[in-house]
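Based on the hints, put chain B in the right spot on chain A.
There are 2 protein chains.
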Amino acid sequence: MALIVQKYGGTSVANPERIRNLARRVARYKAMGHQIVVVVSAMSGETNRLLSLAKEIMPEPDPRELDVMLSTGEQVTISMTALALMELGLKAKSYTGAQVKILTDDAFTKARILSIDDTNIRQDLDDGYVVVVAGFQGVDANGNITTLGRGGSDTTGVALAAALKADECQIYTDVDGVYTTDPRLVPEARRLSKITFEEMLELASQGSKVLQIRSVEFAGKYKVKLRVLSSFEEEGDGTLITFEEENNMEQPVISGIAFNRDEAKITVLGVPDKPGIAYQILGPIAEANVDVDMIIQNTGADGTTDFTFTVHKNEMNKALSILRDKVQSHIGAREISGDDKIAKVSIVGVGMRSHVGIASQMFRTLAEEGINIQMISTSEIKIAVVIDEKYLELAVRVLHKAFELEEA
Amino acid sequence: MALIVQKYGGTSVANPERIRNLARRVARYKAMGHQIVVVVSAMSGETNRLLSLAKEIMPEPDPRELDVMLSTGEQVTISMTALALMELGLKAKSYTGAQVKILTDDAFTKARILSIDDTNIRQDLDDGYVVVVAGFQGVDANGNITTLGRGGSDTTGVALAAALKADECQIYTDVDGVYTTDPRLVPEARRLSKITFEEMLELASQGSKVLQIRSVEFAGKYKVKLRVLSSFEEEGDGTLITFEEENNMEQPVISGIAFNRDEAKITVLGVPDKPGIAYQILGPIAEANVDVDMIIQNTGADGTTDFTFTVHKNEMNKALSILRDKVQSHIGAREISGDDKIAKVSIVGVGMRSHVGIASQMFRTLAEEGINIQMISTSEIKIAVVIDEKYLELAVRVLHKAFELEEA
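Order-wise, the sequence lines are chains A and B. In terms of my numbering, the first sequence has 93 at position 93, counting the first letter as 1, and numbering is strictly consecutive. One rule links them: number in my numbering = place in the second sequence (from 1) + 408.
Calculated directly from the structure, the hints in this document are not laboratory data. A quick note: this is a predicted structure, and the numbers were derived from the prediction, not measured. Any given hint might turn out to be false.
[Stated by the list, open to error] As a list, the in silico DSS-like pairs of lysine-lysine whose alpha-carbon atoms are at most 25 Å apart:
(1) 91/A with 463/B
(2) 91/A with 518/B
(3) 110/A with 499/B
Just chain A, with the same shape it has in the complex:
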């Protein structure tokens, strides 16, 4: 008998028929003797519907009140899920985040979980109940409803699994696992039966949309065994996300290729090279709450520096205005330019640690196709490059082939 947390996303609870499917799967696991906690998101589209409703009243909705509104989405699905389980003859009981209680800080719309009280859930599990918990939401120390931000239901699932010391946290999505890359781009892309946490973290942060990055961090921190599965298929073991790196000669060097079309590049050219340039450029950007991803600084021969970084496409113009209004004359930069026609491609794999020449193989592969590399950034298990957006598909395909990812 195992204790399993199963998390179902919006498409898995999109309508009563899918919720009945979900209930039938839970019933099968229950029949095997397992204890089950189900975490559900809002029905797909519901969070956006509620957000529109709020914005119709107040274009920039107050965050506390927005969370009161948004949290109803999951509250409806926990009720429906519990009813569907009961209709199958199971004992079931729903909990909102506040009822659990999932204590968070008071950062409305993007709260962080501080602690989970597992007393009632444990009692219910021991009494034979399937426990259904609302994802994405919690309650702060003053009893205010909070939400964890988009994708927060994954985090709820993992956090509950950690609190309950569950044997496994299963994340049911509309894909059947983690792939070597997006199969819509590369038909030869292959489902990975296993991947390490570090790799998953790099893949998630590099734009693979299977799991929310915070939930992966959380799982890594609390050593929660995560499995990604399809909610639309009866069979299949999905992808297990493990802590152990296998010392296996046959393990591929590269596990997967991630890509991201959402970033834009900002270049600050010809800055007289003095200490503190990076802070003078990025300080005002950070103050304006613009997230920066890649950062590169190159010192030229003429005593000036070129400074390049990437931000989300939606924030490129905001960042450019800040630099031109507040920074350019101050630091004496020659030119400031933006480019939102870029894409980022990353190869990820723990095998890089023990293999050399991976980077040069990547660069050669791209060069052979005439793809110019604009930026490079690396970590111990990842190499990311920025290229012209129009070469994205080509780059992913040739890299997938070059690193033999289609082969098991």
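Just chain B, lined up with the frame of chain A:
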């Protein structure tokens, strides 16, 4: 400066535009220096939508889970209302029933309020906030979400007014007050500027749908000054529901006429007259949770009794089956019949106490129109008769005229 509780029903919050109207009214009251607590229902249609969703999953939804689902309706409107108030520049804060907390018993879908913690609301009011509270919902001692049943938002408003010792509880509806009778039936019907609690209670229980009867009982018990107003009109004082009967010679004897098409009559004929007949007939009915309204027993000359009572039309067949299956042979009744083509008409007024001849005037008025009276029941301030359904409109109109209700 007064403390006012304003309750808005489903049609008053049906869409963003109406919620903005509501916010503008609250702002006017706030500008006069009043402290305002707003109680809101779910947007009209929303509770039914959620109920359908639940029934699609489980035809007879578990009551605990149903309350989890239904309570989201008001949770959405408190958020929208608070946002609309903020958009006008007011300080506003929303509370669910659980957040207040409005403690109820655990009778899911029809819970009763046990106590209200007014600490936070008082603090917020003193800090200049408009406090927005979800009607219809509460929380039981174990933290389960409960609902108060249909129309429960009125009860929330009155209970909050009682807990806060508010100066007035204003109930905003789609009518501008309590009328002498339904103006759709009698165009001459007149809005009453005042009515006593007892009269309101009789009118509410006799089928006038302006206020939920439990809220009127609650208001009477805790001496809450209630006022019924239109949410669609800027002006007008609505109808004040008072505790004091005015000793005024000019006060009309009859305040209003209520009617009800929802009942059916069940007749048990020729029962050998023995003690305990009433219990033997009504006991099994009560056990089946069928509510009985009027009850009449007539002993005939031949040593048998005829026993007649009314139930809701929807429950007539259930009641008939119970009587035929379990009761008829046991008590030796000759015949059991049902009639759902009846209507009940009641005249209500505290003036009856000091005037004689009201009943005979009522009966004469009906007789002159050839309307046969099938059942009669009276209280100190009410006379109710059951007649053939087809004469309902005629009866209400001629009684309205006979008792001169169109005159101020």
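Evaluation of the provided hints:
| no. | hint | result |
| --- | --- | --- |
| 1 | 91/A with 463/B | holds (18 Å) |
| 2 | 91/A with 518/B | holds (22 Å) |
| 3 | 110/A with 499/B | holds (22 Å) |
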